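A.B. asks: Going by this note's numbering, the first residue of the sequence shown is number 398, and it counts up by one from there.
No wet-lab data here; the hints were simulated from the structure.
Computed from a prediction, not measured in an experiment: that's the story for all the values here.
All C-beta atoms in this analysis are idealised placements derived from N, C-alpha and C, irrespective of residue type, glycine included.
Possibly wrong hints are sitting among the right ones.
Stated by the list, open to error - Calculated cross-link-like contacts (lysine-lysine; reagent style DSSO-like; alpha-carbon spacing at most 27 Å): (1) Lys595 with Lys429; (2) Lys535 with Lys429; (3) Lys453 with Lys535; (4) Lys499 with Lys429; (5) Lys453 with Lys595; (6) Lys461 with Lys429; (7) Lys535 with Lys461.
Said to hold, decoys possible - Computed Cβ-Cβ distance ranges for the label pairs, DEER-style: (8) Asp529 with Ile409: 24 to 30 Å; (9) Glu506 with Gly558: 19 to 25 Å; (10) Leu594 with Asn547: 15 to 21 Å; (11) Ile409 with Ser478: 17 to 23 Å.
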Amino acid sequence: MSDPSSSSHVAIADFWFDPICPWAWITSRWMKEVEQVRGVRTRFHVMSLTYLNQDKNVSDDYRKLLATAWGPVRVCMAAASHHGEEVLDQLYTEIGIRFHNKGLDRSRETLEEALDAAGLPAELAAAMDSPDYDEFIKVSHHAGMDQVGNEVGTPVISVEGIAFFGPVVTPIPRGEAAGRLWDGVRLVAGTEGFYELKRTRTTEPTFD
């Protein structure tokens, strides 16, 4: 099972992300590892933690974080709208490296740098201050979240009729360890009547 070229079948894993979430970022990097050892390709879509939590009782600190979240999601949606959703793979990579690995702020300058590195027009960063793409964001958001419910967040993955939140993991599983986790997640999530398996996080996210 470790050779992705041994089978002609490639499963599409649809992945919904909000660029500000460090846990979704780790999961996305895990999926890139999975692609190397299993017959799977990740297809990225945006969701919005701000939209998800707009009517929820969250802490003041988290509310402040969410206030910065619309901008990056809007820029991702603008890029997808003008250049196709396939550009989100590289754009999310460039944004994630800057937000999470490098710890840069969520400024227009950072987003312009990410866009340029992804081969996209830096002018798309202007979308961060515009509501023009918000309805498109909500449509994309619901396409993912409606499969799993609103009591979870990001990441959401849907593959061949099986949708789930997570996995939430740190550090990033690499190589065959990534493949084994993928096998297990699909097995558990595909079990009829299975809903939850969870334990309290005891470490901060690491991006190595």
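A.B. asks: Can you list which hints this structure breaks, lowest number first?
C.D. replies: 6, 9
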